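Chains H and E are the protein sequences, given in the same order. Residue 449 in this note's numbering sits at position 449 of the first sequence, with consecutive numbering throughout. In this note's numbering, each number is its position in the second sequence, counted from 1, plus 1000.
Worth double-checking, as some hints may not be accurate.
The calculated lysine-lysine pairs, modelled on DSSO-like cross-linking and capped at a C-alpha distance of 30 Å, are [claimed, not checked]: (1) H/432 <-> E/1010; (2) H/432 <-> E/1071; (3) H/452 <-> E/1030.
Derived from the structure by calculation, the hints contain no laboratory data. Here the structure is a predicted model, which is why all the values come from computation and not from measurement.
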Amino acid sequence: MDVFILLLEGIFVSFEPLNLGLLVFGCLIGLFVGAMPGLGSVNGVAILIPITFIIPPTAAIIFLAAVYYGAMYGGAISSVMLGIPGASTAVATVFDGRPLAVKGEAMTALTAAAVGSFVGGTVSVILFTLFAPPLAEVALRFNAPETFALMVMAFATFVGLGGDDVPKTIFSILIGLALSTIGLDLITGKPRLIFFNIPGFLHGINFLVLAIGIYGIGEMLWTLEETKGKVQMSKLSVNMKEVGRAFGALKKTIMAMNIGSFLGFFVGILPAAGATPASLMSYGITKQLSKNSKEFGSGVPAGVVAPECANNSASTGSMLPMLTLGIPGSPTTAILLGGMILWGLTPGPLLFTQEPEFVWGLIGSLYIANFFTLVLNIALIPAFLMVLRIPFAILAPVIFVLCVTGGYAPTQSLHDVWLMLLFGFAGYILRKLDYPVAPAVLSIVLGPLAEKALRQSLILSDGSMGIFFDMAEKPIAAIIMYIAIVLLIMPAFGPLYKKFFKKAQTT
Amino acid sequence: MSITNKITVKRAEIAVAVILALCSIALMIKSAENRITWNAEENMGAGFLPFYLSLGMLICTVLTIIKFVLKRSPQSKDDSPFIEAEAFKYIAVTIISLVILVLAIGYLGIYFSLIFFLAFYLRYFSSKSVLFISVFSLITPVLTFLFFEWLLKIPLPQGISEPLFYPVYDFMYS
């Protein structure tokens, strides 16, 4: 009952004129950002976060969450119409969305994507409302050792579940953590890693500089290389008859909606997973369980609904650990978490008691954003198609302008703009060589929090690392640490498992 | 053979791994300027964490190099160009123009630098008319000015062009 009242209060907060205006504006920008090839929620949120400094934190989080949400919806538009995913989260949408468009059924694909996103978003936000308060209550009992153990587990999930090259993944985590140590040491106050005695390094490296560099500059370079400024758009006829026919085709997608919604939410909670693997897994499982699995890939609405349901559901799921534990569930939520610190909030379970308006305003806004995004998405399809015709050669310099100004604004230092460019170029090259970049962004956000928790724990234990493994004194920290160790060594057993499995199959 | 064909994925993989290994060593040396030891009496030295994080980075790059030598990574067997010739033109011109943009910001100020950057970029990569490019290149910095200086009250760098903005500030704050 309490939850219901708090949720109602949250919905009222999101209906306040400033919040509602920003919510609708955020949905629109998110749809646009998601629809543009090469831009996704993480790019949109990273580039837009500097402009939220003038508004209250609740309005800022509502705006950015709406951008995040809208981008999940919008990603399908370019997947279907151009055959290029708007972001990695919409890769699986291309598998059946593009063949539908080629067959002349683009409207069916776009409607399936929008409705799938709505169902996934709604189911996940209900799950979020139910799970968040009890999880936050448990997390309130966490002290420094438990917090540090949780962060180690967040890093370990990238190694155990990320699926990327292990040394490259660990390198990405470590470089993010190393970058976060630049500046003044929080205990001794001594300057650390001040290269060439440049004073700009004394205030550390703002996570935004890395995030905008990698997801703004780096991503644009990547997209320029992929598209070379050229795109091929499918034809689309929009009329009520087509929309009606498209809704009719959704009757056969109930199973895909269920799989996408629930699987997406729980995969989204995991720090290394997020919306991209959720959508791919949802597509794969729906295909396996479908009676018409052979038709998948040739253009079936269920093949669009499954990934779209899952990516929206996962985006909400990834906010659960961000709000309750202070651990982001995806790169986008890592940036949102960094934003909370910039807005003067302390991420974690205390938010539920100290900033209920912020937390429940955000949760309430997700319900409202879901509805507005569905309506805007279907109503504005012709407008988005016009936007998609903008040549990339015009869009790219505008994004660069936003990156340069966004990199300068937080600290008003050209030093940060240079660093941002450096990270952008380096991120582009490293990504081409399969170095995952998301762990670095997560690490630079969590780095200072992890260091603080580690050093506080070691002061408590007189310098003994045993505090993290003591089942009698700190059982939660110990269990989390052991899970983290299992995750870290899991990739080592991958080849053995495959070898054994192959042997078993042949015998 | 063009330069883009010479830089294969294979060569890029090993070159980047070696550069990252050298950077990790440099970070370790830099970290050692502070105390890198840790014991119960003195607690953790300021250089302890960065030193061991850099050591971890070095171990990861060495593992990447070993995987390369043993041909265990996909990149170690990939002789295709790291970047295609046509794409290289886009990337190289973009990177150079961005570097010049940031250099120019420090001298000319952001607004005039943006005008030149946008005009050059659009002229080079798009087939739009001179009129479109001129209007677009002028409007974008004006909108940037209004957004940052008027709405957010965040002054952006103006370099030698700063005196030109005094009348505008007089108007805005009078």
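Structure-based check of all given hints:
no., hint, result
1, H/432 <-> E/1010, "holds, 12 Å"
2, H/432 <-> E/1071, "holds, 18 Å"
3, H/452 <-> E/1030, "holds, 22 Å"
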